[in-house]
Amino acid sequence: RAELAAYCVMLGDDALVFAQRLSEWCSNAPELEEDVALANIALDLLGQARMLLTRAGEVDPTVRPAAAPEHVPDEDALAYFRDERAFRNVRMVEQEPGDFAETVARLLVFGCWRLALFERLAGSRDPVLSAIAAKGVKELAYHRDHAAQWALRLGDGTEFSRERMRAGLDRVWPFVAELFTPHPVETRLAEAGVAVDPAELRSTVDDVLDRVLVAAGLPRPETPALPAAAGLAGRHGVHTEPMGYLLAEMQHIARSHPAAVW
Amino acid sequence: RAELAAYCVMLGDDALVFAQRLSEWCSNAPELEEDVALANIALDLLGQARMLLTRAGEVDPTVRPAAAPEHVPDEDALAYFRDERAFRNVRMVEQEPGDFAETVARLLVFGCWRLALFERLAGSRDPVLSAIAAKGVKELAYHRDHAAQWALRLGDGTEFSRERMRAGLDRVWPFVAELFTPHPVETRLAEAGVAVDPAELRSTVDDVLDRVLVAAGLPRPETPALPAAAGLAGRHGVHTEPMGYLLAEMQHIARSHPAAVW
Amino acid sequence: EELERRFQRTVDAEQRIEPRDWMPEAYRRTLVRQIAQHAHSEIIGMQPEGNWITRAPSLRRKAILLAKVQDEAGHGLYLYAATETLGADREDLTRRLVDGRQKYSSIFNYPTPTFADVGVIGWLVDGAAICNQVPLCRTSYGPYARAMIRICKEESFHQRQGYELLMTMMRGSAEQRAMVQDAVDRWWWPSLMMFGPPDDASTNTEQSMRWRIKRHTNDELRQKFVDMTVPQAEKLGVTLPDPQLRWNAERGHHDFGQPDWDEFWRVVKGDGPCNAQRVAHRRRAHEDGAWVREAAAAYARKRAGDAGGTGRAARTEGAA
Amino acid sequence: EELERRFQRTVDAEQRIEPRDWMPEAYRRTLVRQIAQHAHSEIIGMQPEGNWITRAPSLRRKAILLAKVQDEAGHGLYLYAATETLGADREDLTRRLVDGRQKYSSIFNYPTPTFADVGVIGWLVDGAAICNQVPLCRTSYGPYARAMIRICKEESFHQRQGYELLMTMMRGSAEQRAMVQDAVDRWWWPSLMMFGPPDDASTNTEQSMRWRIKRHTNDELRQKFVDMTVPQAEKLGVTLPDPQLRWNAERGHHDFGQPDWDEFWRVVKGDGPCNAQRVAHRRRAHEDGAWVREAAAAYARKRAGDAGGTGRAARTEGAA
Chain P
9 RAELAAYCVM LGDDALVFAQ RLSEWCSNAP ELEEDVALAN IALDLLGQAR MLLTRAGEVD
69 PTVRPAAAPE HVPDEDALAY FRDERAFRNV RMVEQEPGDF AETVARLLVF GCWRLALFER
129 LAGSRDPVLS AIAAKGVKEL AYHRDHAAQW ALRLGDGTEF SRERMRAGLD RVWPFVAELF
189 TPHPVETRLA EAGVAVDPAE LRSTVDDVLD RVLVAAGLPR PETPALPAAA GLAGRHGVHT
249 EPMGYLLAEM QHIARSHPAA VW
Chain S
9 RAELAAYCVM LGDDALVFAQ RLSEWCSNAP ELEEDVALAN IALDLLGQAR MLLTRAGEVD
69 PTVRPAAAPE HVPDEDALAY FRDERAFRNV RMVEQEPGDF AETVARLLVF GCWRLALFER
129 LAGSRDPVLS AIAAKGVKEL AYHRDHAAQW ALRLGDGTEF SRERMRAGLD RVWPFVAELF
189 TPHPVETRLA EAGVAVDPAE LRSTVDDVLD RVLVAAGLPR PETPALPAAA GLAGRHGVHT
249 EPMGYLLAEM QHIARSHPAA VW
Chain Z
103 EELERRFQRT VDAEQRIEPR DWMPEAYRRT LVRQIAQHAH SEIIGMQPEG NWITRAPSLR
163 RKAILLAKVQ DEAGHGLYLY AATETLGADR EDLTRRLVDG RQKYSSIFNY PTPTFADVGV
223 IGWLVDGAAI CNQVPLCRTS YGPYARAMIR ICKEESFHQR QGYELLMTMM RGSAEQRAMV
283 QDAVDRWWWP SLMMFGPPDD ASTNTEQSMR WRIKRHTNDE LRQKFVDMTV PQAEKLGVTL
343 PDPQLRWNAE RGHHDFGQPD WDEFWRVVKG DGPCNAQRVA HRRRAHEDGA WVREAAAAYA
403 RKRAGDAGGT GRAARTEGAA
Chain A
103 EELERRFQRT VDAEQRIEPR DWMPEAYRRT LVRQIAQHAH SEIIGMQPEG NWITRAPSLR
163 RKAILLAKVQ DEAGHGLYLY AATETLGADR EDLTRRLVDG RQKYSSIFNY PTPTFADVGV
223 IGWLVDGAAI CNQVPLCRTS YGPYARAMIR ICKEESFHQR QGYELLMTMM RGSAEQRAMV
283 QDAVDRWWWP SLMMFGPPDD ASTNTEQSMR WRIKRHTNDE LRQKFVDMTV PQAEKLGVTL
343 PDPQLRWNAE RGHHDFGQPD WDEFWRVVKG DGPCNAQRVA HRRRAHEDGA WVREAAAAYA
403 RKRAGDAGGT GRAARTEGAA
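Chains as they are written, first to last, in my numbering: chain P, 9 to 270; chain S, 9 to 270; chain Z, 103 to 422; chain A, 103 to 422.
These aren't lab readings, by the way, just hints derived from the structure by calculation. Heads up, some of the hints might be wrong.
Here are the simulated lysine to aspartate or glutamate pairs, EDC-like style, with alpha carbons at most 16 Å apart [said to hold, decoys possible]:
(1) A:Lys404 with S:Asp164
(2) A:Lys337 with A:Asp390
(3) Z:Lys337 with Z:Glu266
(4) Z:Lys404 with P:Asp134
(5) Z:Lys205 with Z:Asp390
(6) P:Lys146 with P:Asp52
(7) Z:Lys404 with P:Glu167
(8) A:Lys326 with A:Asp362
(9) P:Lys146 with P:Glu167
(10) A:Lys205 with A:Glu352
(11) A:Lys404 with S:Glu199
(12) P:Lys143 with P:Glu167
Computed from a predicted structure; not experimentally measured.
Let the sequences and hints guide you as you build the complete structure.
Written as structure tokens, this is what we have:
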């Protein structure tokens with residue numbers, strides 16, 4: 009059960025941290041329709057994060073960080089009262105948003121990957137995970153399609169947008185390999201039919217991405233994968249330096265008022 | 009004594025917040041010599057802040073925020089455990105650093121102003137304030153001169169640098185009027201011979217700035233003063249929106265580990 | 103003349119004017135200006151609350167806030183669409199906004215230094231907006247009236263959420279109660295200013311009333327807002343910062359003090375604590391996004407096989 | 103030939119080579135490369151610790167950290183100055199750094215996720231650097247040796263400060279102790295790598311030893327570091343993450359395990375967790391500052407009344 013909780017935290021943190029980054033676009037998007045669309049996507053992911061973190065707390069109450077005041081619900085205890093080293097998200101989602109093309113590239117890759125993951129996770133033996141995944145599949149299909157449409161527009165729009173889109177993909181690509189690198193918890197739970205082994209998603213995701221890139225007339229990026237630090241990456245809680253600043257902003261008020269009720 | 013403590017907090021917060029902004033330049037300056045110089049200036053201001061906040065705690069122990077754990081020294085209790093509304097710095101120092109020219113412009117104005125203030129404050133009836141000011145005068149004269157030299161180089165360097173310097177001054181100028189607007193505490197303590205009435209500094213500061221601007225061939229900016237919000241500005245704890253993010257970054261670790269000793 | 107009389111008869115009969123109907127040019131211009139200012143207010147209004155999305159202290163509040171700010175963008179979109187039925191162009195209106203040639207509600211030129219401001223904006227600012235806007239659901243111009251019906255429904259929802267946040271905070275720690283009171287102190291007077299200057303200093307009201315664009319005077323609406331808010335404040339346990347505020351049994355209304363109208367006019371004229379910041383933020387977002395909109399337009403032209411297409415088609419295309 | 107013999111006699115007699123002395127071209131090139139890499143390491147080394155300046159959890163620690171990172175910039179300056187006595191050009195060396203053509207110490211390609219990393223970098227990384235650098239205080243090239251004397255003095259000070267921070271944290275909360283142990287676990291092996299590959303895999307050592315640029319082999323220095331560090335770790339109360347680590351009474355030294363040399367070579371070749379980030383940060387700072395350096399140069403030329411002046415004069419001028 010500790011492993012199931014850890015797994016819920018991994019998938020929950022991916023969604024939570026990416027939602028946080030996407031919400032930074034709110035009032036900054038290139039057009040109002042996109043303010044609405046990116047906020048929608050952030051809201052979907054935030055919803056997934058809340059369900060997964062709540063589930064983690066139900067399954068194994070010891071995942072609650074000691075620093076969290078008792079009256080704080082599990083989802084907030086996990087989101088606001090953990091230190092950086094306890095966050096288990098992949099490093100892709102914690103990166104600064106960059107320009108719109110970089111955000112589109114990240115959303116495309118992340119959307120394809122998480123959709124493939126959730127499609128399989130819908131068949132999990134854990135009924136709650138299965139239900140969360142089944143609900144998430146519809147949302148993620150929209151996220152992926154939205155990003156793919158923008159990849160086409162930017163890739164086949166102007167010379168300038170094509171170059172930005174290409175550069176955006178280059179910046180996102182180093183974080184792709186980590187998506188398919190299983191943590192031991194994922195491997196063991198996948199064998200038990202509860203989780204999905206991310207290594208198995210590679211060809212599905214590659215196919216979709218290749219089709220989008222070909223349609224957009226964009227080359228497949230060749231920037232090398234970002235290595236782990238002595239074997240430790242996001243799933244082990246070793247993050248890149250932007251993560252600490254993201255958490256400072258996200259947690260500051262909650263941490264400053266531990267006795268408060270919001 | 010409550011008023012003396014409040015006054016120490018005002019002058020301490022000016023230095024603390026500006027030191028925080030200047031330290032953001034570290035490893036980002038246009039040349040290594042400037043990494044060193046800006047770090048030096050930040051260290052001077054940080055030193056002034058520490059003395060002033062410590063003095064505030066000595067003079068009136070009730071300035072310590074209730075949220076601060078007992079074992080934390082006064083300077084850290086005030087820096088790390090106050091909310092935004094309790095910070096009393098002028099709004100100029102909390103602004104994002106902008107480019108190098110904007111930082112030079114801000115340092116020039118702030119340096120001239122605080123030097124003029126400290127020169128008079130050295131004659132304060134409060135012996136501690138007087139000593140802090142006397143020590144600070146030497147530091148501030150260096151800050152002002154450093155900024156003035158760069159204002160000359162940028163103002164009389166290339167066309168591009170001249171334009172940047174001009175734009176930097178324009179962005180800083182709206183915050184100038186607030187420097188000379190006394191808070192009632194300042195007025196009362198100035199009458200008692202303890203503090204300096206900032207309104208009296210205007211002509212001294214204007215003279216110095218005018219001389220620098222003329223030497224650099226730069227026009228005096230005409231951007232209008234940023235108004236207070238219904239009469240409330242930095243000295244009343246009503247700040248501009250960048251302040252909250254600055255505090256989130258500065259306070260996050262300290263707030264996250266209230267039981268810790270550093 | 104005949105057209106004008108028929109137009110006024112329609113309006114007097116409380117029937118709707120639709121885009122294809124004849125309308126006086128001054129009516130059209132007044133409406134475009136008013137609806138555009140309203141749209142700009144929604145868009146600029148995203149900023150003071152948007153300031154708290156990344157720092158909201160619980161995930162539930164973060165979701166509520168993000169959804170609310172998203173709704174404001176949506177309101178902006180309906181309203182710009184309503185101006186387009188009157189022949190206005192969104193890009194042109196946006197230019198006027200970012201160049202400072204068109205106004206938006208001055209209330210958004212105040213900063214939001216604490217999370218309690220999010221609740222107080224929901225309660226007081228949305229509350230005042232609803233008082234202003236409910237009558238507009240029966241305004242004479244059809245597309246505007248229909249947009250307002252939808253917007254008012256969502257605004258009421260936002261107002262209840264804001265009030266609920268404040269209720270929760272008032273039940274929390276002493277620090278939180280102080281935070282709420284502080285926010286109320288800062289927002290009360292600006293909220294009263296949202297109804298515009300006193301009737302004797304207000305222009306345009308009479309014509310707008312005749313055209314059924316406006317249905318109540320500023321002072322009537324302000325009174326309504328005060329009467330509605332006082333009991334809510336009592337229930338909440340906060341003090342409204344007006345020593346003159348008291349129930350007048352004779353009038354059947356609350357008496358109350360006047361806001362600082364000098365400050366009002368200064369802020370309207372651009373001299374408020376956040377005017378420059380708000381407009382610069384919008385300008386930057388608009389300019390940073392120009393290459394994206396151009397790319398979407400270029401892509402749409404290629405797809406349409408129509409090299410002469412305009413940016414308009416592209417924008418629709420871009421609005422996935 | 104005669105010059106070369108005289109040069110070697112001077113070196114063998116433990117006397118200093120000075121900038122005006124004749125020296126073999128290979129000696130000069132080796133030195134420029136080594137000193138430049140050392141300078142680059144100081145400059146890149148500002149980043150992992152600089153990451154914590156704005157978030158340091160007490161004002162005292164903030165001041166200590168800021169002063170330390172400032173010292174690193176200062177060390178970079180002395181060392182670039184030493185390369186200039188050998189005819190190198192700082193702008194050119196910086197170009198090589200930001201283009202990825204010249205290396206810096208691989209240790210700085212690891213991230214600093216907690217504040218304990220600041221202490222551990224002071225203790226282990228500065229400790230290892232001192233082991234490497236103390237012998238360089240007697241290196242054959244005068245300006246380099248003198249720079250190293252000053253640098254080593256400051257590094258020892260930094261090392262003590264790092265150790266003192268860790269001591270304080272170990273006396274603090276349980277969370278803090280866990281934080282220190284975690285940082286030690288992450289930094290121990292990379293610190294051992296700082297001495298370079300095992301002697302049997304190391305090139306260049308022999309010639310550098312003959313020139314008295316280097317005085318001990320990598321393995322000798324690594325052993326010295328381990329022997330020095332083990333008792334400090336015990337006093338601190340942390341466990342070094344090496345199950346093979348134990349005292350060997352026979353050798354009078356500690357036995358210890360080998361770091362992952364494959365990882366070492368990958369990180370040296372650019373494939374570490376922060377290589378791209380560190381170089382990109384430096385490149386951005388350098389490029390963002392270009393207009394400032396140009397302005398300073400232009401100003402200096404105007405003042406000198408010398409339209410043909412070079413950037414060098416301006417740089418000195420700029421270094422207020």
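Sort out which numbered hints this structure fails and list those numbers smallest first. Violated: hints 2, 4, 5, 8, 9, 10, 11, 12.
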